[in-house]
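2 protein chains.
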Amino acid sequence: MRSAPALLFYADTHSSRDLLYFGRFECHDPFIALRHEGKKIAVLNALEFGRGLKESGFDQILALEPLLAEVRPAGSGPRPTPAEIIALLAAKLRIRRLLVPEEFPAGLLERLRALHLDVTVAIGPVLPEREIKDAREAGAIRAGNRVAAAGFAAAEALLRRAKTSGRKLLLDGTPLTSERVRLAIEIACLEAGGLALDTIVAGGDQACDPHCRGTGPLRPGELIIIDIFPRHAATGYHGDMTRTYLKGRASAEQRALVEAVAAAQRAARKVLRGGAISAAVHAECVKVFEARGYQTKSTPKGAVGFFHGTGHGLGLAVHEAPRVSAPVKEPLKTGAVVTVEPGLYYPGLGGCRIEDVAWLTDTGHKLLSKHPYAWEIA
Amino acid sequence: MRSAPALLFYADTHSSRDLLYFGRFECHDPFIALRHEGKKIAVLNALEFGRGLKESGFDQILALEPLLAEVRPAGSGPRPTPAEIIALLAAKLRIRRLLVPEEFPAGLLERLRALHLDVTVAIGPVLPEREIKDAREAGAIRAGNRVAAAGFAAAEALLRRAKTSGRKLLLDGTPLTSERVRLAIEIACLEAGGLALDTIVAGGDQACDPHCRGTGPLRPGELIIIDIFPRHAATGYHGDMTRTYLKGRASAEQRALVEAVAAAQRAARKVLRGGAISAAVHAECVKVFEARGYQTKSTPKGAVGFFHGTGHGLGLAVHEAPRVSAPVKEPLKTGAVVTVEPGLYYPGLGGCRIEDVAWLTDTGHKLLSKHPYAWEIA
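If you read the protein sequences in the order shown, they are chains A and B. Sequential numbering from 312 applies to the first sequence in our numbering. Sequential numbering from 312 applies to the second sequence in our numbering.
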């Protein structure tokens, strides 16, 4: 029987969340890591070595510098490349075959093969276990959502303090913009121990483009989507929540839209558990929208209605496995953490999305997000 | 004569600063981009298409959805892969050969080759012109450093307000920590229009490990290194500056250390220009330190003295080409932007680093950073 290939990473943990998951160690410069015969091994330079010993989840940490000297003494030629170090390690550890993730750098792959190493590129995830969260991870995601909730509280405070003046909102005499609300959210998140990047604060028709972050003055009587997905600084795990607001009094159509989205979220949550088919959870949202007459269709100016998935996995990345959407016919796994975020978007009327986070059990799920749903702000 | 290969990217612009430079367009999901016969071409999905047309520097933007349908109509099989889309594009555009960067994903490389595309992995940078900054870029880096300066002002305000109480610093009755100073810096940077990640606020012996971000109480009479490298939100370019502080009165040894680092920075700046040999600029710092008796050496607990390079290129990434350091015997290029950041580190005495940013001209350089050097805070 051939032994299993050793799993090889060469990345920084900003680019590879798999490597962060694997070693539980943040490192912003690329480094070599291996899984060999069940052991997790990292090669760290002198700047990172001590921190790695103290903080990381690696079973063994090798110092880079002696390996460099073993390949080629300093001064006797160019500095050894990562490929040469990996080849030395493979020889020392008697590794016959290597498996690398799909995102592994192509240049290094070619150099390893030029050194006659037997390297296979994986198809699909190399750490599928990352999809299943344990209690520690669920707690970290809950902490990420607490950070998000601090952001919503800050946004609500600004909207409450703002005064309506014609078609504008004024705060302390100047227009309340997406940018000002975003800044207040980002500061509140920092103070709560997290980092909110690319927060969405989008009002009116801007909110109908789910990738638009929002810019310029916010208006009274418009639906405003706020989507906050901060990274919890202490653990690296993300929260991800969305609330929709309106300053002033909503119209009947706006109220019906928001109620439909809330109802869709409740319907999805009713069937959301480990073992539920992903597409079936999504279909619950679609059913609610269709029953209430909200059509989803393409128009020359883009899609309207409910044209994105119901949710996605959440963890060390904001988007990770699994997806909760129509094309996915597989069951969701117990222990997965997913967002539940139906939305409706109609230019002219506006957009609404409500997003919470669920940790799946065999019989249902536990919510990992908590913040009120009150949305009309007087 | 064979025509030049088309340059192919498949990345998000968080992971690939080259792609961000190439298209001047932020996109957080991976997308296909090509340079073919001098034209910059991107393939964007419906969510990004409109923004790409409006904001990006691409000459041509192709909609992804019609290409997907051309490969395989929806419902008639699995969703087409990026490799299949690239193969379709290559056929349409009559591209015979492709060149991909070293960081290109290995899995996609293999799939392209399985589709019989002729793909070469580049050795070295695919966009070497990125090293040379034009006036727009220099202005953006200067704006990044203005954000950093706002961070220093916030840190200084806290240190000024802090009261010495025995071996502690108290602010509003509780210990002043690295974490509190970092939070104040991060908030000030956000308010100034930038995002400061991983800011270093390290006092005492912590500052002697240049990768230590700093943690716990700051102490009176200790050197405190603060290194801020924010991303200017409007442009994506970074600032990168370091100042060293001390709350209270410095000892003669501390004063001599700080003066030596300042003198080394001045010496390096005297010779810093386009055409200067990188190693020779670094050697100016080394000369100053040696003349003043500051030894650099390895100890069982790590290196002491001046054990890092004098500087690095700065732009869309915090670290990019060129390096200003001993092993680099090539001349620096006019138009490059580099940091100048000598430092000295001696556990027991403390660490000092002073960092500014220079844009190289044929005869010298223009400073792109500006903040006072006053460091003893009463």
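Quick caveat, the hints were computed from the structure, so don't treat them as lab data. It cannot be assumed that every hint is accurate.
Where chains are identical, the list cannot tell them apart; a pair therefore holds if satisfied intra-copy or between any two copies.
Unchecked claim - With a straight-line Cα cutoff of 35 Å, these simulated DSBU-like cross-link-like pairs (lysine-lysine) come out:
| hint | residue 1 | residue 2 |
| --- | --- | --- |
| 1 | K350 | K365 |
| 2 | K474 | K365 |
| 3 | K677 | K479 |
| 4 | K640 | K598 |
| 5 | K474 | K581 |
| 6 | K474 | K640 |
| 7 | K640 | K608 |
| 8 | K350 | K681 |
| 9 | K612 | K403 |
| 10 | K351 | K608 |
| 11 | K474 | K677 |
| 12 | K612 | K644 |
| 13 | K351 | K403 |
| 14 | K403 | K640 |
All values derive from a computational prediction rather than experimental measurement.
Going down the list of hints, with the structure as the test:
Within a single copy, K350 and K365 get their C-alpha atoms as close as 17 Å, which meets the 35 Å cut-off; across copies the closest is 50 Å, which misses it. Taking CA atoms no more than 35 Å apart as the test, K474 paired with K365 passes between copies only; the shortest distance there is 33 Å, against 52 Å inside one copy. In this homomeric assembly, K677 and K479 never come within 35 Å of each other (Cα to Cα): the closest approach is 40 Å inside a single copy and 44 Å across copies. Taking the shortest Cα distances, K640 and K598 sit within 35 Å of each other inside one copy (17 Å), while across copies they are farther apart (68 Å).
In this assembly of identical chains, the alpha carbons of K474 and K581 never lie at most 35 Å apart, being 39 Å within a copy and 56 Å across copies at closest. In this assembly of identical chains, the alpha carbons of K474 and K640 never lie at most 35 Å apart, being 49 Å within a copy and 63 Å across copies at closest. When the C-alpha separation of K640 and K608 is checked against a cutoff of 35 Å, the pair qualifies only within one copy, where the shortest distance is 22 Å, while the shortest distance between copies is 61 Å. Taking the shortest Cα distances, K350 and K681 never come within 35 Å of each other, neither inside one copy (38 Å) nor across copies (49 Å).
In this homomeric assembly, K612 and K403 come within 35 Å of each other (Cα to Cα) only across copies, at 27 Å, whereas the closest approach inside a single copy is 60 Å. In this assembly of identical chains, the alpha carbons of K351 and K608 lie at most 35 Å apart only when taken from different copies (32 Å versus 49 Å within one copy). Neither within a single protomer nor between protomers do K474 and K677 lie at most 35 Å apart by alpha-carbon distance, with minima of 38 Å and 47 Å respectively. In this assembly of identical chains, the alpha carbons of K612 and K644 never lie at most 35 Å apart, being 37 Å within a copy and 47 Å across copies at closest.
Taking CA atoms no more than 35 Å apart as the test, K351 paired with K403 passes inside one copy only; the shortest distance there is 15 Å, against 46 Å between copies. With identical chains, the CA atoms of K403 and K640 are at most 35 Å apart between copies only, with a shortest distance of 34 Å across copies and 45 Å within one.
Of the hints listed earlier, those the structure fails to meet are numbers 3, 5, 6, 8, 11 and 12, in rising order.
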